[in-house]
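Chains A and B are the protein sequences, given in the same order.
Each residue of the first sequence is one higher than the last, beginning at 21 in our numbering.
Each residue of the second sequence is one higher than the last, beginning at 14 in our numbering.
Read the hints as simulated data drawn from the structure, not as lab findings.
These numbers come from a predicted model, not from an experiment.
Heads up, a few of these hints could be off.
[Unchecked claim] In silico PhoX-like cross-links for lysine-lysine, where the CA-CA straight-line distance does not exceed 25 Å:
# : chain 1 : residue 1 : chain 2 : residue 2
1 : A       : 513       : B       : 73
2 : B       : 66        : A       : 513
3 : A       : 584       : A       : 120
4 : A       : 664       : A       : 591
5 : A       : 128       : A       : 584
6 : A       : 127       : A       : 513
7 : A       : 591       : A       : 120
8 : B       : 66        : A       : 127
9 : A       : 591       : A       : 128
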Amino acid sequence: MIAAPGTTVEEIWRAVASGACGLRPLSLFTSPRYGQIPVGEIPFDLQALGAPQRGSRSDKLAWLAVRDAVRAAGLDLGRAGDRTGVVLGCSVGGSYDSEKFLVTLLKKGRMRPCATRFHECSAPVDLVANSFGCYGPSFAISTACSSGGLAIATAADLIQSGAADVVITGGTDSLSRTTWAGFHSLLLVDAEGCRPFDVERGGMSFGEGAAALVLESEAHARERGATILARLTGWGASCDAYHATAPHPDGQGAVAAMQAALRRAHLRPHDIHYINAHGTGTRDNDLTEARAMQAVFGTRVPPFSSTKRVFGHALAASGALEAVVCIEALRHQQQPGNPGFRQRDSAIGLSPVERTRAARLTHVMSNSFGFGGNNAAVVFSRADVAPQTRATPVKPAAVISVGALLPEQVVERHTQWPLPTVTVTAHACGPFSDLATLNPIQRRRLNRLSQMAILAARRAGRPDPAQRVAITLGTGFGSLDEGAIFLENLIAKNEAEPMPTRFPGSVHNAPAGQVAIDLAAHGLNSAPTADEISFESALWQAMNQLACNEADEAFAGALDELNKYPLYLGKRWGVWNAESRPGEAAVFARLTPAAETPLARVSTIRLGRFRQPFDAEAEAQWIASSVDLAAVTLLITGAQGWRKFDSRYLDVVAALNRRRAQPLEHQTYKPDCGEFPAASGVGFVRAVTAARERGIRVLLYTLAWRGGKAICLVEP
Amino acid sequence: MAISTTELKQRIIEALNLQDLTAEQIDDEAPLFGTGLGLDSIDALELVVMLEKHYGIVIKDIEEGRPAFRSVRTLADFIEARRPAV
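For reference, chain A alone in the conformation it holds in the complex (with noise of 0.2 Å):
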């Protein structure tokens, strides 16, 4: 792990128990507003550390942090990166770098594209799989400050299901302009440094890390002679759909995120012995953070302290440092404190453990929550309990509708201010026949990509009030056109005039809590990213919810809009031609585990990394070991439109019809929809419509181009 206060393990352990805080001024960048406010910034020189050159510095210090995990874990990639997968948390990606792109722009009028190169919240993954040897299934979970706690939680579900035997899992999240003057637009931020649960608290305090974990099945941390330091015993998820920034105001989704964990964990409240808290040190987080637990735990509520003013709030790292902290308490045997805290709060009416103490710790839980009403808590547990879990593989999934906005229309775009002006033929959507079926908030409040999803949701369907409702949404790029306009007004005012609204909006799980908001879904909602396995990703999570009985029902999403700085960049590096066009659409395919007349059923979903130098044949291999190939009529697959990309899917297709006596059907779903990360859930709109209008059995196989693979079979 590397944060603010150290480089390793045990010199932030060291940190955390002496209730050392961790603040400093800002030096990374220049903030004329809000300089002068302390933060968690990392003040150590990464490349001295070994990091490597190229990547963003969120995606050096997740490299730092897995090659710590690794190395401490003593785990041989070598033998065992087929079976191991990565999910990460990351919230601000790149953007930290490609920032800096923006600067450069608007205030040396110069352009430097290369920046922005890894700005996407997958890239830390890719990074940390393609230079680790990881060949499992791997995304991003981008759900803003629950991001970390939500990663491990996912991590968990894929070694239960069988998905693989080990995921390198946590968060990781530089500081950057665009959070950091977010937050303080939202009046978040504590000049004086963060004060969590204590009366006078004013905000948070911001700050950057990242922490990996080696979780590994037991069976295979025993059969490699592992060192077992914790156990990851109870996970849960949840979704308050109340509002996209402030929680809700009993802690309603905190206390269903809880109780899940315990249910998993086959706990009962008075079991756990410490909490760390979310406790960012706002009024309103701390006060529904100590109702939720009172809520949970009654008038016993266990020893609990928030840590952040440790490390600062390092939102997607966050709850991955937090749950380091959890597991050497548990080693340690020691409650750590909570450094800020002075007088309690009546209105919060408990009060955490002020000095680090000694105590006999089995179980601890570890809350994180975020944007959206997102929530996540998962419980750890001494090396020697006993572990409770079954094996849970992902089922076969009914499909009961589709709600989709696909483009259907070819439009010339022209980029504008502040990039300089081209012309990009693109796959658009819209205007949309229903979005006067948007109530006035949200057509008054909500950007077009939310809306976007809300429709396509509701185009899908509105689930039972009495279902309990996951929602999974894959996205590649998320915001973009929030995210740029916040940006572009903060460098071009110099952080003058700040946009409240326009922040929350920009963050990955807006449009999947926005969803959750209008179809009052209170399960799992996650926004998992991975490039062109961004839907897949967002498949696997709702079918493995409906496996586990998590959920009812599970609305699987996929969403990316046209912005014009990939359509610009696109053009000057020569991604577009005229067979490779931008585009944007949102789907969603409304899951249950079984129904009377589906509309299809999806009976396998898998996903993995390939090698370099691309192998077809074993790639063909990967897939015929997953499904009954001579069963498959179509093969659906994505394009690129570049020969060198392209290539290997036909050569997939020529290595899989060897095997055949008839040749495969096979389509691509680009050239309707043009190219985006998550275009992938449009070719399975195609797949749910073949499968059921021809009666047949459909494969959607999808590369990404950063290593990513997915393969998905639809039946009738």
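Following the hints, put chain B in place on chain A, whose structure we already have.
Using the frame of chain A, we list chain B on its own:
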């Protein structure tokens, strides 16, 4: 000089993207939040930005602005009292 409530309403409409409304439709005394115009905490933050941009009033704690955001009238009075001398 007293604040023009019509001008203030225009600025609220602009800041909060209330395109469906005109200044005449907003009552000086009607509550802005909750039942009135149905605004919420993020709209309050937009009003904070608007106050700084147009009237030079800096609010660092939302609690400070809360009583002022009750209605157009209370907001006008607040601006009157807090506006930096020109």
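Going down the list of hints, with the structure as the test:
no., hint, in the structure
1, A:513 to B:73, "19 Å, holds"
2, B:66 to A:513, "11 Å, holds"
3, A:584 to A:120, "17 Å, holds"
4, A:664 to A:591, "18 Å, holds"
5, A:128 to A:584, "20 Å, holds"
6, A:127 to A:513, "11 Å, holds"
7, A:591 to A:120, "20 Å, holds"
8, B:66 to A:127, "22 Å, holds"
9, A:591 to A:128, "22 Å, holds"
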